[in-house]
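Residue numbers (my numbering), protein chains in the order written: chain A, 1 to 323; chain B, 1001 to 1334; chain C, 2001 to 2303.
Honestly, the hints are just simulated from the structure, not real lab data.
For clarity, every value in this text was computed on a predicted model and none was experimentally measured.
Errors might be hidden in some of the hints.
[To be verified] Just some of the chain A residues that point at chain B, by a computed CB distance under 8 Å:
{"id": "1", "residue": "S210"}
{"id": "2", "residue": "P269"}
{"id": "3", "residue": "P270"}
[Said to hold, decoys possible] Restraint-style ranges between C-beta atoms, simulated for each label pair:
{"id": "4", "chain 1": "B", "residue 1": "K1281", "chain 2": "A", "residue 2": "P276", "range": "47 to 53 Å"}
{"id": "5", "chain 1": "C", "residue 1": "G2127", "chain 2": "A", "residue 2": "V102", "range": "28 to 34 Å"}
{"id": "6", "chain 1": "B", "residue 1": "E1162", "chain 2": "C", "residue 2": "T2202", "range": "28 to 34 Å"}
Every residue, glycine too, gets a C-beta built ideally from N, C-alpha and C.
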Amino acid sequence: MEVRDLTTHFFMHEAVARAVENVSFTLKKGETLGLAGESGCGKTTTALSIMRLLPPGGRILNGEIVVDGEDLVKKNDLEMKAIRWRKISIVFQGAMNALNPVLRVGEQVAEAIVEKEKVSKANALRRARSLFELVGLDSSRVSDYPHEFSGGMRQRVMIAMALACNPSIVIADEPVTALDVVVQSRILELLKELQRKLSLSVILITHDLSVIAETCDRVAIMYAGRIAELGNVVNVYKDSWHPYTEALITAFPSIAGKRRRFLSIPGDPPDLTSPPPGCRFHPRCQWQDELCRTQDPDYRSVAPDHYVACHHSDKFRESVRER
Amino acid sequence: MQDESLLRVQDLSVWFPARRGVSGIFTRKLEWIRAVEDVSFSVRKGEVMCLAGESGSGKTTTARAVLALIGARSGSVEFAGMNILALSKTELRKLRCKMQIIFQDPYESIDPRMSILEVLTEPLEVNRVARARREREDRAYKALEDVRLLPPREFARRFPHELSGGQRQRVAIARALVLDPELIVADEPVSMLDASIRVQILNLILDLREEYNLTFLYITHDLAQARYIGTDIVIMYLGKMMESGPVEDVVTKPIHPYTRALISNVPVPDPTIKHDRIAVKGETPSALDIPSGCRFHPRCPHAEEICKKVEPRFARVDSERYSACHFNERWTAK
Amino acid sequence: MRTLRAQATTTVQIKEDRFWVYRRKISDFWRLYKRSRLGKIGLTIVLAFMFIAIAAPWIAPYDPFSFVGDPFLKPSSAHVLGTDQVGRDILSRVIFGTRISLLVGLVASAMTICLGSLIGLVSGYLGGRVDNLLMRITDLFIILPALPLMLIMASILGKGIMNIIIVIAVIGWTATARMVRSQTMSLKERPFTEASRAIGSTDLHTIARHIVPNVFPLVFANGMIAIVDAILSEAGLSFLGFGDPSSPSWGMVLYFADRAGSTVNGYWWYIVPPGICIMLLVMGFAFISYSTDQILNPRLRRR
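One chain only, chain A, in its complex shape (with noise of 0.2 Å):
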């Protein structure tokens, strides 16, 4: 998948939130990519503009998303709907909670590929089965009620829900947030698992660093609407060039490893509807000048397959080495 330049607002009574602004890129074949960042970066509602799920008020102004060719932003409704859950699909974030309490989680599972293809209620109970047993459940749990199941559990029926009509792309938000730390374990092995053996390419959501590391293969670090660094995981975070994603990867309070004092990022993270002038980042920035209070910074490439979008990333580089 090809993202460009995706531009997306979100229209309210008061104001207009600038999400997402010309957020840029890649999803290679066969990889785990990581959209990582705080509440309100932007990550989520990128996920939702590449299904083309916006909520009301959101629209996407500009950009596209090329998929086998095809640009997605300029479809219309009728041909997302063939192309969700069959090309893409996505888990939610919080889905687990989202199951019908009334209905059996086989039969919500086979809502989806009836859904979708022109298959029989029993032919699709039937996948939904060995859905399941993909995922790691019991086939014969296709007859349970959400409640019978675990936090863990769930999540592993919304991610055979996602399987159902065998997509190449799966999205995945905040996958493992509500669970604990062992559940999240092998809920993380399982996405793994299941990537190598049917071929997925992922887009992993999530505001938890740790997650990314352990998962994913390159990862986008979004702040306010725009990607900060794109690039490998073990360079963005041995080797950042951005501030903010230094900041963050040595805020974050870590079971290994010296224990020492971090230090934090001060200030909060801005309003979406009037975001600061300049790099969104400057206010809570040690380098910030004059420059990056009245200027964006261009999203450039600053070494193969490493983006970045910091007006001064050499001069930060070259004070971190100094330390």
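Following the hints, position chains B and C against chain A.
Coordinates of chains B and C only, in the frame set by chain A:
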């Protein structure tokens, strides 16, 4: 010998009544959810004691019981030499000044209809501390300064919906400080905040601890957080203590199989560090169906016959280390 | 000296700010309310009736209690709605009836709300045995059929507007009580209530400062329905003959109209107007309640 503990919890148990299914309405028999059982620990002045565990471990219930916000079935909580569970309602209220709480949800723990100044002066009014209105306001401003919400007068005028999550949580901390407490119970205070704000608040807590020599009881499910902020830790599972000790020790040299599994599964924000994850089968059982013997045995990769039948003692393994496993020596030998 | 003044300014400023916050809330509320056509219609109707009630002595052509003409006169220019069986002007009686019906409606519902809220608050907050006891009493009142109970009470207490108000209040509090109770119970679990207890508030303080203000919007919406209930109850009681014959409430006019055989003899000008008035006033309050509910309960709001 002088006991320096500020807080001493002994054999605390909290049980909730439960009626299972429809039959519950007709039968007189009550089932019990043994949410917390026989929890004992002590916290010295100035320490940060972490109660860590996954959901359903009983850590939040323990914290509430320690502050007598919910009723305990048995056990004692000694604070400043008195068993607060045995106090009358009025005596307890008098002691509340010294023990305060910070809640998890910055959006719900402050009454949206009150201005920040009112939120901060309410504890003083209620406890009839600082009779004069000006004195109360002064203390409120001082608290706002302590939590770095400057200028304090400006923030005092605002209402909760005008503040961000991080700012609201600072107000919650200020509210806890305004009564000059000795002990603060913090219930997952940063889990609903953004990553970049979390460390701000954690550092604030550490600074305040130093400045005022405060003692904290810190509840969290995030072991990385516990390691950052804690001095000591108690790992809980299904209402019982599994392991305890100084936090750095427990995290780097865990003894109990549950602790070891837990720590190995915590993701690390460093893609170059690969670590083996100990697989733990199954999921945490419901508190109505507590396994016999050792509560962890159905999921423990090292479970043996005795683990199903006999509950292990919370035994001392080292000068400050305790662990509840039949085979403690096996793990410490490593 | 300067610091003292600065401090005083802050408190004053907060009071002012609070005033502006409420003003803004009210104007926001009004802005949303104006969008609802039903709401505007309802409000107009109710305000119209209130005006009639206040201006009755000047609007009504005759004194409702005196005999101003021959009995059973048909509608004419002198008597727009004709006269009743003893020669009183029906239009004047209907106009003055507005006063009684509105009075009973508002006072009785106010009492209902107060009683119901008090019981609901205490029951919901204290829980346990107190809750059980109060709820069983409430259940009792719910089970007993309202109208027969009202009739019995009315006959025991005797005639008089105050008695009618009391009867309506005593029977009608159950719905409010249940609703306030469940709202209190859910508020009790919210963190800020727990925080209030944690800082050492007495139960009374917590209820007064934190629970009551948050229950209020619900009670207000429910209040409109209570007014409707009260008006209809009064009309019903009076029509059945248990009202106060000396006050010409609409129900009472209906009672006399029925006694005079209006349905049999076709005196539509006697029996229909009071009925229409009741219907309109009730409709007015119902529309207001509907619109208010739409605003206060954000889930009902159409985007």
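Checked hints:
no. : hint                            : in the structure
1   : S210                            : holds (4 Å)
2   : P269                            : holds (7 Å)
3   : P270                            : violated (11 Å)
4   : B/K1281 <-> A/P276: 47 to 53 Å  : holds (50 Å)
5   : C/G2127 <-> A/V102: 28 to 34 Å  : holds (30 Å)
6   : B/E1162 <-> C/T2202: 28 to 34 Å : holds (30 Å)
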